[in-house]
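Asks: Okay, here's what each chain looks like letter by letter:
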Amino acid sequence: GEDVEQSLFLSVREGDSSVINCTYTDSSSTYLYWYKQEPGAGLQLLTYIFSNMDMKQDQRLTVLLNKKDKHLSLRIADTQTGDSAIYFCAVITGGGNKLTFGTGTQLKVEL
Amino acid sequence: DARVTQTPRDKVTEMGQEVTMRCQPILGHNTVFWYRQTMMQGLELLAYFRNRAPLDDSGMPKDRFSAEMPDATLATLKIQPSEPRDSAVYFCASGLGFGGEQYFGPGTRLTVT
Chain G
491 GEDVEQSLFL
501 SVREGDSSVI
511 NCTYTDSSST
521 YLYWYKQEPG
531 AGLQLLTYIF
541 SNMDMKQDQR
551 LTVLLNKKDK
561 HLSLRIADTQ
571 TGDSAIYFCA
581 VITGGGNKLT
591 FGTGTQLKVE
601 L
Chain Y
86 DARVTQTPRD
96 KVTEMGQEVT
106 MRCQPILGHN
116 TVFWYRQTMM
126 QGLELLAYFR
136 NRAPLDDSGM
146 PKDRFSAEMP
156 DATLATLKIQ
166 PSEPRDSAVY
176 FCASGLGFGG
186 EQYFGPGTRL
196 TVT
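Line by line, the protein sequences are chains G and Y.
Per the numbering used here, the first sequence starts with residue 491, numbered consecutively.
Per the numbering used here, the second sequence starts with residue 86, numbered consecutively.
Simulated from the structure, these hints should not be mistaken for laboratory data.
Where hints are given, some of them may not hold.
Below, computed lysine-lysine pairings styled on DSS-like, alpha-carbon distance capped at 30 Å [to be verified]:
| # | chain 1 | residue 1 | chain 2 | residue 2 |
| --- | --- | --- | --- | --- |
| 1 | G | K526 | Y | K96 |
| 2 | G | K526 | G | K546 |
| 3 | G | K557 | Y | K163 |
| 4 | Y | K147 | G | K560 |
Given the structure is predicted, the values throughout are model-derived calculations rather than measurements.
Chain G with its partners taken away, still in its complex shape (with noise of 0.2 Å):
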């Protein structure tokens, strides 16, 4: 099956941009999502990507997809500390609305 893989954790300083990043095996994947999980509560969607398009930035987000790789990253500018939260990268598998979920990538952004 599929296999989403992502680091565990990013720190970073407030101002400066995060990059988290994400690798994936299926090369049929159509489309890609970033959600973030803030402690104590549930997922929520940030952003996503077709994969017939190699850039979408909405606002401070900005995310780029390398088909060739099967790499996937989210860039966050001006990390604030509201940012600190668990991201997680998720393809859509085997057709449908089935997600197969990365690791997470644990954000700490210090002061």
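Assemble chain Y onto chain G, guided by the hints.
Replies: Quick look at chain Y alone, frame taken from chain G:
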């Protein structure tokens, strides 16, 4: 604003007891998902429904877990009998049609002693 609700938010129970978790999806959403989140396994899909029909429950231990949608406004996940290894946060999510845009509830934190 519309959101997915889950009850109870916290549940502590003894091994062997029955546990029922409830979810109210966002009105008009036709897909409902049950996930389990643990430190060791991360986020696992247990089951999902479209238009109240179960589409995939391959992630669920069949001998003790069951998931149903008695009507479009209620999804339930039942564990009988519960075991300590079932301790986790259980999330319900709902969505519309195809695609991975899912709206998550706040979760039920289950502790089985």
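Asks: Now tell me, hint by hint, if it's right for this structure.
Replies: Status of the hints after comparison with the structure:
1. Of the pairs offered as hints, the one joining K526(G) and K96(Y) holds, with about 24 Å between alpha carbons and a cut-off of 30 Å not exceeded.
2. Restraint check for K526(G) and K546(G): the C-alpha separation of about 17 Å stays at or below 30 Å, so the hint holds.
3. Between K557(G) and K163(Y) the CA atoms are separated by roughly 40 Å; this puts the pair beyond 30 Å, and the hint is violated.
4. Simply put, K147(Y) and K560(G) have alpha-carbon atoms about 34 Å apart, too far for the 30 Å limit, and the pair is violated.
Comparing the model with each earlier hint shows violations of hints 3 and 4; every other hint is respected.
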